[in-house]
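Spelled out, the chains give:
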Amino acid sequence: MADQPFRNPNGGAIDRGQPLCFTFNNRSYWGYRGDTLASALVANGVRLVGRSFKYHRPRGIFGIGAEEPNALVQLGQGARTEPNTRATQIELYDGLSAASQNCWPSVGFDLGAVSGRLSAFLPAGFYYKTFMWPPHRWMAYEWFIRRAAGMGRAPVEADPDRYEHFNAHCDVLVIGGGPAGLAAALAAGRAGARVILAEDAPAFGGMLRGEATTIDGSPADRWTEAVTTELRALPDVVLLRRTVAFGYYDHNQVGLVERPYADLAAPPPHAPRQRLWHVRARRVVLATGANERSMAFGNNDRPGVMLASAARAYVNRYAARPGKRAVVFTNNDSAYAAAATLSAGGVEVAAVVDVRPQVEPRLLETLRSRNIESIAGHAVLRAEGTRGVSSATVVALDGRSGPARRLDCDLLCVSGGWNPTVHLHAQARGRPAYDAGIASFVPGASFQVEQSVGAAKGTFALAACLAEGFAAGARAAAQCGHANPVGPTPLAEAEPPPAAIQATWRVGARHGRREKRFVDLQNDVLDADIELAVSEGYRSIEHVKRYTTLGMGTDQGKTSNAVGFALVAEALGADMAGLGTTTFRPPYVPVALGALAGSEGGHHVAPVRRTPLHDWHLGAGAVMAASGQWMRPQAYPRPGETLEQAARREAETVRRAVGIVDVSTLGKIEIHGRDAAAFLERVYTNRWTNLPAGRCRYGLMLREDGMVFDDGTTTRFGEHQYFMTTTTAQYTAVHRKLEYYRQVVWPGLDLWLVPAVDAWASIAVAGPRSRAVLAQMLPRADLSDAALPFMGAMVGEVGGVPYRLFRISFSGELAYELAVPADRGAAVWQALLDAGAPFGIAPYGVDALNILRIEKGHVTGAELNGRTTADDLGFARMLRRDGDFIGRRSLSRPGLTDPDRRQLVGLVPADGVTPLPRGAQIVTEPPRGEQGSSLGELTSACISPHLGKPIGLALVSGGRARLGQQLLAVSPVLGRQVAVTLTSPHFFDPEGARLRG
Amino acid sequence: MIIPCPWCGERPHTEFAYGGDATIRRPAEPAAASDAEWFDYLYIRPNPAGAHRELWHHAFGCGQWIEVRRDTLTHRIEGATPASGAEIDRDG
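Here the protein sequences come in this chain order: A and B. Heads up: the first sequence begins at 1 in the numbering used here, then just goes up one per residue. Heads up: the second sequence begins at 998 in the numbering used here, then just goes up one per residue.
Take the hints with a grain of salt, since some may be wrong.
[What the hints assert, rightly or not] Facing chain A, from chain B, some residues (calculated, C-beta under 8 Å):
1. 998
2. 1002
3. 1003
4. 1016
5. 1027
6. 1028
7. 1035
8. 1039
9. 1042
10. 1052
11. 1056
12. 1058
13. 1060
14. 1061
[Claimed, not checked] Here are a few chain A residues that face chain B, going by a calculated C-beta distance under 8 Å:
15. 695
16. 704
17. 782
18. 785
[Claimed, not checked] Calculated lysine to any residue pairs in the SDA-like style (CA-CA distance at most 20 Å, straight line):
19. 324(A) x 391(A)
20. 737(A) x 1025(B)
21. 737(A) x 1059(B)
22. 737(A) x 1022(B)
23. 324(A) x 226(A)
24. 737(A) x 1064(B)
25. 737(A) x 1032(B)
26. 737(A) x 1083(B)
27. 737(A) x 1081(B)
28. 737(A) x 1061(B)
For the record, the hints were derived by calculation from the structure and aren't laboratory data. Think of the CB as a built atom: it goes at the ideal place given N, C-alpha and C, for glycine as much as any other residue.
Sequences are here, hints too, so could you generate the full structure?
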C-alpha cells in the first residue's frame, strides 16, 4: 500500500490485508491493522512528532508503550478529541487523525523554540524564583506561562460516549499478559480458581510478541495463542485485553480501565467507550514487566534517540525500521539482542558502544557475525543534529584510549538498564528495595496480598519468568482452595546468565559543555537542574521532585526517575538504597475522567426525586426547581405572568380564599413502640408524654452542641403510635440520627422507626375557605372545631382511599394537611381542585409558601442554619424544664447564653418601599469615612402581598432588645444599601386568630 | 475497603456512612457531667494511629449502626458487631 519507506516487506504482527489511511499533522499516511500510531509513523519515516514542554525542542518517538515521554498527541477531533495520548499506545484505525501538541504555528517551525536558546534563564525552580513577586503580578504571568506550556486541548463539546463501571470478584487477579502473567493465569486457571487476566496491549504476549524465541518447543506467538485459547475455554477465567490496571487500593481492590473499542474511531452504538472495573481479588499476581531506561548524555532528546528495546520491538512486532543506520549505546547485555534484531531487520548497525570494558565473547560473536563493531569501555558523549540525530560522538571512559570518534547514524538506541514496574506493588504499600545487581528498585516486602513475578520482580530470563509465574499462579490458587493438577511448567530454552550491568546515569563531566543532558524528557529536566536543586539545599527526593518537576509529567517518570534519583544520590554522596523513591500513587497511566465518572454524568450525577404529583405539576405549567434531590413546583405562572407575579397571586389566593400545595417532600417517620413517647421527649426539646391521641404538636430538635437541628410536627395516632414529619432538607440526616440514638445510645428503649416519606402524598389545603373545600371532599368527616381543633388530627376513608387529616398551618391561615397513599395522590389532588373550584381554589408553589411563612415569621433552612439556638429563634419556651434531651447540657454553656447572640427579628425598609438586598449584612450607620461592623445578616426576604411592602427575617446581635432601631442592610455584592427598621418577625396575625378559624 | 456487616455480610464501604469514634460514650446523666466532661464528649476525639473502634451506618443496606474494629494505619478490619450490643442468633 502506498509508500511506507521504512516498512519491511515481511514479518510483524500486522495485517497487511487491512491497509488503513490516517492523517498526522494534516498529512495523509498509510499503515496496517495491528499498527499503533507510533509504529505507523516509524514505518512512514516520520521522526519529528512533537515539541518539548519547556524548551520546545524537537522530539521523536522514544519508547514503545506506556513509558513514552515524547510522542504525546492530540487524538481525534470535535467532541471525541483527546489530549496527551501516547502515540505508542494508540491503535491505528481507518481515518484516524492526530496532531502534535505544544507547538505553534507548526511542529517544524515553533516560535516557542526560542525559549530553548534562553534556557540559561530557565533553571530549576524558575517559576518559584521569578514570578512570585510582586504577588499580584502572578495572575498576569500565569496567562503567558500556561499559553507557552499548553499540553493539548480538552474537548469543549459534551462527551458523546458512554462509560460504564463493573464490579468483579475473583480468586486470582493477574496483571500483565506477558510470559510470566500468562503462565500464572494458566496455572491458576487449571487449578480451578476464578481468574481475571488483564493486559494493557491489544494482544497478549508482552515482550514475546513478534519475537523468534520458542516455548515448549513452539514459536512464542503460537504458545501465546495456545495458552489464551485454553484459558478462554475455562469457565471461571476472564481475559481482558486493552485493559490497564491503574490503581491498587485497600483490601486488594484494583482499578482497571478497559478500552474495548480502542481499534475503532468510535464505539458501536450503545457500547461503552471505556469500562472501569473495580476488581476485588483474594490474591493478586503482578506480572507488569519492566521499563527500559535511558542515560543522560548530550542532546539525548533528539529525534532518533530511542530505547533499544523499543527499536527492537518496532522491527519485530511491526516490521518497521526506526532508522537507516544505528548506533547502540548500552551498559548491559540486553541491547545486544536489540542490535542483532535491527541488523536482521534491515537497519545497518554501525556499532554497539558499551560502557563496560569487557564484553562476553558470545555477544562479541553475535556482533561479528553481523559485521557490527563493538566499542567497549566507551560511551556516547553527545548526539549531533538538530531536527534529528545525524551522528554520535563516542569517547573512551578511561580517558586514555584515543580521541573522540564521531559515528554517523540516524538512530541512537540506548539501554541504561531495566526498571521493574513496581508501581502497583508500591501503591499497595509494598516497599521497593534497591537491587545493585540490576541497578534498580525491585519489589520488597508486600503489604497487601500481592506477589510480583517475572521482569516486574527483576527476573529477566524467559525460562525463569515462566517458572516464576506458573508457580505463583498455582500457589495463589491453592491458597484460595483450588488445587486441581496444573501440569508441567512451560519451558523455554535456557539462556546463559547475563554479565553484570555497569550502572551508568550520565556521561560527561558534571560541569561540562553547555549541551543539554536530559533526565526527564517530558518535563525537560536536566542533570544540571537536579544538581542545582541539591546545591540549593534540597535533600529529600520528594522535595527535589517538586522543585525540578522530575517525574511529574503524564508519564510519571517511567524512563527518567531512576536516573534522576541516582543523580540526587550522587550529588548528596548518598546511596540509592538510603535515598529511596518518590511515592508511587495511582494512576499508573492517565485515566479519562469519563471512565471514572462512568454512567454518573449529567442528570445521573445524583438521583432526582419526584413527588406523586410531579406529572400534574408539569401538566399545569409549573416552573420546577430543585430542592435538594427533590423537584418541587416553584410557581404556576399563568400566561403573561412573571414568576414573581405568579407567586404573589398564589399567596394572595391563600390569604383571601384557598390554595393547595404539594408537601409530599416533607420527611415522614413512623415511630411505634411502648417507649415511643419517652424517645420523643429525649430527641425533642418539649414535652410529649402528655400529648393525647388525635393531636399534633410542633417539635424542636437540637444537636448535642445545643444548636437547632430540625423542626416539624409529630402526631399521636394511637397509644404507642406516632407519626413524625421533618423538614425536606434534613430528613435523611434526622432519620440516621434518630436511628443512632435508638440503636447506640438508648438500645434499651422499646420502639421502631419506619421511614415513610415515599408512602404518602401530602397536600396542604390553606386559606379561610379550606374547611369548606374539605367538607365537600370528605362529607362524612366532622370538621368542626370541636371534632378537629387546631393541632388536631384524624384518620378516615373516602371513596375507598384511607387518609390522614391534620389541622396544622405553615401559612398562618386556617389550614389542613391531607395525606393519602402515594398512588392515590394525583386523584385526590384533582378532586380537591374540583371541589374547591367554586371557592376560588388555586395551586401554589414553594415561592408562595415562602412568602406566607416569612409573613408569619416561621423559620426554615435559612434560619435553622446550624448556628442558631432555640432562644436565638425565640423558642425558649419550648425548652422543657425537667429531664434530659439531646443538646440540653450544652444550653448552659456561656457561648449559648450570651445576650449579644444573633436573634431572630423582622426587618422592614425604613422608607417602606425599597426591596431588601438578598444576603445583606446588617450594620450600624458607620461614622463618616469608616466601615460599619456587622451585627448580623438578612436570612429571608420577600415583598409581602399582605402588607404591600418588602419584609425580611434577620439574625441580629441582641436583636430582640433592638426592636424599633434603625440599621443598614448592606450588600457589597449587589452594591446596595437600605435603611431598615427592626420589628417583630411576626408580620401577620401575631395572635394566631386566623389559624384557629 | 470491605466492611463485614454483622447483619448483611461483607459489603463495600461505599454502602456505609462513617459515624465516628465508637469509644465516645454519651454521659448517662448529662446534667451531672462537668463542663469539661461534656466538652470532651462533644469535641475531643483521640484519633489514634492504629487500632480503632468506630461506628458505621449501613445506610445503603440494612440501616443498622455497627461497630467496626479497624486499624487506621493499615485499614485492616478485624471484625464488626452491632453497635446496639445485640446478639445475633445465627440459627434463628
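Right, here's what the structure says about each hint:
The interface hint given for residue 998(B) holds, since its Cβ lies 5 Å from the closest Cβ of chain A, which is under the 8 Å cut-off. Nearest Cβ of chain A to the Cβ of residue 1002(B): about 13 Å, over the 8 Å cut. The hint is violated. Hint status for residue 1003(B): violated, given a least beta-carbon distance of 12 Å to chain A, over 8 Å. Of the supplied interface hints, the one on residue 1016(B) holds, with its beta-carbon coming within about 7 Å of a beta-carbon of chain A, less than 8 Å.
Of the supplied interface hints, the one on residue 1027(B) holds, with its beta-carbon coming within about 4 Å of a beta-carbon of chain A, less than 8 Å. Restraint check, residue 1028(B) versus chain A: the minimum CB separation of about 6 Å is within 8 Å; hint holds. Evaluation of the residue 1035(B) hint against chain A yields a held restraint, the C-beta minimum of about 5 Å falling below 8 Å. Among the interface hints, the one on residue 1039(B) holds; its C-beta lies about 6 Å from the nearest C-beta in chain A, closer than the 8 Å criterion.
At a threshold of 8 Å, the smallest CB-CB gap from residue 1042(B) to chain A is about 14 Å, leaving the interface hint violated. Because the closest C-beta pair between residue 1052(B) and chain A is about 7 Å apart, less than 8 Å, the hint holds. Satisfaction of the interface hint for residue 1056(B) is found here, the shortest Cβ-Cβ separation to chain A being roughly 7 Å, below the 8 Å cut-off. Residue-level restraint check for residue 1058(B) is violated (minimum Cβ-Cβ distance to chain A is 13 Å; threshold 8 Å).
Hint on residue 1060(B) holds. Least Cβ distance to chain A is approximately 7 Å, under the 8 Å limit. Restraint check, residue 1061(B) versus chain A: the minimum CB separation of about 7 Å is within 8 Å; hint holds. Given hint, residue 695(A) at the interface with chain B, is violated; its Cβ is 29 Å from that chain's nearest Cβ, farther than 8 Å. For residue 704(A), the shortest C-beta to C-beta distance to chain B is roughly 6 Å, which falls under 8 Å, so the interface hint holds.
Interface hint status for residue 782(A): violated, as the beta-carbon distance to the closest one in chain B is roughly 39 Å, over 8 Å. About 40 Å separates the beta-carbon of residue 785(A) from the nearest beta-carbon of chain B, more than 8 Å, and the hint is not met. In summary, the hint linking residue 324(A) to residue 391(A) is supported, as the alpha carbons are separated by about 12 Å, within the 20 Å threshold. Taken as a hint, the residue 737(A) and residue 1025(B) pair is honoured in the structure, with Cα atoms around 18 Å apart against an allowance of 20 Å.
For a cut-off of 20 Å, the pair hint linking residue 737(A) to residue 1059(B) stands: about 15 Å separates their Cα positions. At roughly 15 Å between alpha-carbon atoms, residue 737(A) and residue 1022(B) fall within 20 Å of each other, so this suggested pair holds. Distance restraint check for residue 324(A) and residue 226(A): the Cα-Cα separation of roughly 36 Å exceeds the 20 Å cut-off, and the hinted pair is therefore not satisfied. In summary, the hint linking residue 737(A) to residue 1064(B) is supported, as the alpha carbons are separated by about 16 Å, within the 20 Å threshold.
Restraint check: the Cα-Cα separation between residue 737(A) and residue 1032(B) comes to about 24 Å, which exceeds 20 Å; the hinted pair is violated. For the given pair, residue 737(A) sits about 19 Å from residue 1083(B) by alpha-carbon distance, which is consistent with the 20 Å threshold. Between residue 737(A) and residue 1081(B) the CA atoms are separated by roughly 14 Å; this keeps the pair inside 20 Å, and the hint holds. For the suggested pair residue 737(A) and residue 1061(B), the alpha carbons sit about 11 Å apart, so the restraint of at most 20 Å is met.
Taken one by one, the earlier hints fail for this structure at numbers 2, 3, 9, 12, 15, 17, 18, 23 and 25, listed in ascending order.
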